[in-house]
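Protein chains: 2
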Amino acid sequence: MKQIETIKAGKNYAAVNVGKLNEVIDYKLPMGPDVVINGKVFVGQAVGATGSELSFQTLVPGQDSGFLHTHKTHEELYFILKGEGQYQVDEEVFPVREGSVVRVSPNGKRALKNTGNENLTMLCIQYKADSFTEADSPMTDGVILQEKLNW
Amino acid sequence: MKQIETIKAGKNYAAVNVGKLNEVIDYKLPMGPDVVINGKVFVGQAVGATGSELSFQTLVPGQDSGFLHTHKTHEELYFILKGEGQYQVDEEVFPVREGSVVRVSPNGKRALKNTGNENLTMLCIQYKADSFTEADSPMTDGVILQEKLNW
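In order, the protein sequences belong to chains A and B. Residue 10 is where the first sequence starts when you use my numbering, and the numbers rise one by one after that. Residue 10 is where the second sequence starts when you use my numbering, and the numbers rise one by one after that.
The hints are simulated quantities; they were obtained by calculation from the structure and are not laboratory data. Hints may be right or wrong, so weigh each one.
All copies of an identical chain are treated as equivalent in the list; a pair is satisfied when it fits inside any one copy or across any two copies.
Unchecked claim - Here are the simulated DSS-like cross-link-like pairs (lysine-lysine), alpha carbons at most 30 Å apart as the crow flies:
hint: 1; residue 1: Lys-157; residue 2: Lys-11
hint: 2; residue 1: Lys-118; residue 2: Lys-81
hint: 3; residue 1: Lys-91; residue 2: Lys-20
hint: 4; residue 1: Lys-20; residue 2: Lys-49
hint: 5; residue 1: Lys-29; residue 2: Lys-91
hint: 6; residue 1: Lys-37; residue 2: Lys-157
hint: 7; residue 1: Lys-17; residue 2: Lys-118
hint: 8; residue 1: Lys-37; residue 2: Lys-11
hint: 9; residue 1: Lys-17; residue 2: Lys-49
hint: 10; residue 1: Lys-49; residue 2: Lys-157
hint: 11; residue 1: Lys-157; residue 2: Lys-20
hint: 12; residue 1: Lys-37; residue 2: Lys-81
hint: 13; residue 1: Lys-157; residue 2: Lys-81
hint: 14; residue 1: Lys-81; residue 2: Lys-17
hint: 15; residue 1: Lys-91; residue 2: Lys-157
hint: 16; residue 1: Lys-157; residue 2: Lys-118
hint: 17; residue 1: Lys-81; residue 2: Lys-91
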């Protein structure tokens, strides 16, 4: 069974390899004694994420999420990394393809379908909605250092 | 100049196309009157993210981040989507490639270098560190609906 590989971890970081994007289909996610989701892997625990959950998933042609879902407090971002499909939020359906990014509020009823002829691979990330203030732009939160790089 | 395309937006969502991963190199990010970063685009504002910032960046062979940086309160995730390189956190350097995911705490001093022969394309996402509690697993925050899908 395909598993996440550890690269390295330290006080301030953890790094893993999920595998090439076309290998995501090889993951199996156990959901119960007799239920397995093929082609999906959660990565948040493996990297020790403290404010997000993240998953890669591959849908084969014709496959969809299986159901609409909402969230209680988490906003989600969906990144289509390969393939093409249709994305539903509430009553709207729109096309997505490699390079599409969809942001969904907690209350949005969402699902994705692979409507193309090849596998669709996506990355989904969830985190607390409305947790940024004006002080949270990357320009104000980031601190550039003068220390030397090790290469 | 390459720009993000809007797909559709509604009450609970916004969807955009950044373009294919090999087109990220075409973006130009203005940093000042005479300073432009080639191959980088921020997407948070375009999708109306309320608890994250996100960017795609392509580094050409031999190119690095230019400097180490830390954050005040944001944890970052780096996803290597194409290519291979080296990642530095504090004094450690380790290899990354397509499918690598690196989680860095606010205090981690970080940078990335493309050490391969092809372009390296990555996705970087930042959000509030330590904002999840035990109640924030995807299983407890998500709500599965019985409503019908529109395809």
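Which constraints among the numbered hints does this structure fail? Numbers only, ascending. Violated hint (a single one): 1; every other hint is consistent with the structure.
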